[in-house]
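Chemist: Here is how the chains run, residue by residue.
Number of protein chains: 2
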Amino acid sequence: MKNKTVDEIVLEIKDKSELMIDLAYSSLLYDNTTIAKEVYDLEDLLDTLYKNLQKKTLELVENKKLSVDDALSVLRLAEAGEQIADAAQDIADIELRDVELHPILKMSIRDSDVVFTRVEVSKNSILANKTLGKLKLASETGMNVIAMRHGNRWLYGPNKNTRIDSGDILFAKGPEDGEKHLIELASGRTREI
Amino acid sequence: MKNKTVDEIVLEIKDKSELMIDLAYSSLLYDNTTIAKEVYDLEDLLDTLYKNLQKKTLELVENKKLSVDDALSVLRLAEAGEQIADAAQDIADIELRDVELHPILKMSIRDSDVVFTRVEVSKNSILANKTLGKLKLASETGMNVIAMRHGNRWLYGPNKNTRIDSGDILFAKGPEDGEKHLIELASGRTREI
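So the protein sequences, as listed, match chains H and C.
Residues in the first sequence are numbered consecutively from 1, following the numbering used here.
Residues in the second sequence are numbered consecutively from 1, following the numbering used here.
Warning: the hint list may mix true and false statements.
Identical copies carry no separate label here, and so any pair may be met within one copy or between two of them.
No more than 30 Å apart at the CA atoms, straight line, and that leaves these computed lysine-lysine pairs for DSS-like [unchecked claim]:
1) K180 x K4
2) K55 x K106
3) K56 x K106
4) K160 x K130
5) K56 x K4
6) K180 x K37
7) K51 x K4
8) K136 x K4
9) K130 x K180
10) K106 x K134
11) K64 x K106
12) K4 x K37
13) K106 x K65
14) K136 x K160
15) K37 x K136
16) K180 x K136
In short, the hints are calculated from the structure, not lab data.
All chains should be modelled from the sequences, with the hints used to inform the complete structure.
Modeler: So, in structure tokens, the structure goes:
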């Protein structure tokens, strides 16, 4: 972490805070406490990132390497990220309260222009044994994988180099047409991405 | 608004608050105060929605049509949406401070797994004279249109029935491969979606 630049940390806070929101809603929809707890772990990570960023920003200002105006933008962007992360934690809290979300509310979270989905990758699926980068899943189907389970291992916010294996469970987010496409691909019924 | 159900309002708060975050980052990236001001207008709308939701939720509890546990989930989901909306407003504030964001910070917001882009729809583009629903732009390219400008008119969070015309400026968000595809489609260089 020590070697990250200010802009890299701002980016990480932005990306992680948005991932947290998606994970939090998924945890509610699939009544999944493992995902809800990950939101808590990410909140700890974001706190650390934020403290690190404050220190670096002040040092840059002290050394006249960053103007006061630019430093204010940095701190405000990061604070907004922190605020989004807090909101995500509050959503995850609903899941951790141990009261299952009312079915109508689940439908209401799902019934958006952007839906959440969960699929299992079958042996015959063309998704198996390929990386997300090679599959270009996001641009070909509109579906973003936000979390996946590989056996007992969980992975959050996978990247281009993440490999999908048969048996993996993918938690994804995207448009309704994309969900249909992803279900067909994961089941192996469609072999064309 | 009077006739909306509690779950419909929860969904609207969720969708609008996420749209606000995207609009706020776009306003910063493209130094666009019109979009930043829309974030403020949406915040006013969300406040009204939230107050309405509180009243409806309490009435349902009073009439024993909603349990206390379910009502708590409703209020907490809506509060989280409010918090996300506040964060979006803080990001839009950075734009409205009249200090242009440092280029490195702009790059850092852009250089994410999910990028923001802005394209103009040319006369030859196959996007022209079609609705977003017909184009299935989100599932075919991974790009979500978050705002568009049609002459002097702006439209935020367009839906399936929104028609694209030549000359429209689209502000969209999605994976890098999707951005390339959208640029090709909007320019008319690619006629296949």
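Chemist: If the cut is 30 Å between Cα atoms, do K130 and K180 qualify within a copy, between copies, both or neither?
Modeler: both (20 Å within a copy, 22 Å between copies)
Chemist: With identical chains, the pair K56 and K4 could be close in the same copy or across copies; at 30 Å between alpha carbons, which is it: within, between, both, or neither?
Modeler: within (10 Å within a copy, 48 Å between copies)
Chemist: Are the CA atoms of K136 and K160 at most 30 Å apart within a copy, between copies, both, or neither?
Modeler: Classified as both; 8 Å inside a copy, 24 Å across copies.
Chemist: I want to check one pair: K56 and K106. Are their C-alpha atoms no more than 30 Å apart within a copy, between two copies, both, or neither?
Modeler: between (42 Å within a copy, 18 Å between copies)
Chemist: Checking an output row: K55 and K106, CA cutoff 30 Å. Within, between, both or neither?
Modeler: between (41 Å within a copy, 21 Å between copies)
Chemist: As a check of your reading, is K4 near K37 (CA-CA no more than 30 Å) within one copy, between copies, both or neither?
Modeler: Answer is within; shortest intra-copy Cα gap is 26 Å, inter-copy 33 Å.
Chemist: I want to check one pair: K136 and K4. Are their C-alpha atoms no more than 30 Å apart within a copy, between two copies, both, or neither?
Modeler: Result: close within a single copy only, 28 Å intra versus 39 Å inter.
Chemist: For K37 vs K136, is the C-alpha pair at or below 30 Å within one copy, between two copies, both, or neither?
Modeler: Result: close within a single copy only, 29 Å intra versus 35 Å inter.
Chemist: How would you label the pair K160, K130 (within, between, both, or neither) given a Cα cut-off of 30 Å?
Modeler: within (10 Å within a copy, 32 Å between copies)
Chemist: How would you classify K106 and K134 at a CA-CA limit of 30 Å: within, between, both, or neither?
Modeler: Between. Shortest inter-copy distance 28 Å satisfies the 30 Å Cα cut-off; intra-copy 33 Å does not.
Chemist: One pair to classify: K180 and K37, alpha carbons no more than 30 Å apart. Within, between, both, or neither?
Modeler: within (29 Å within a copy, 36 Å between copies)
Chemist: First find the shortest C-alpha distance between K64 and K106 inside one copy, then the shortest across copies, and answer within, between, both or neither for a cut-off of 30 Å.
Modeler: Answer is between: at 20 Å across copies they meet the 30 Å cutoff, but 51 Å inside does not.
In this structure, none of the earlier numbered hints is contradicted; all agree with it.
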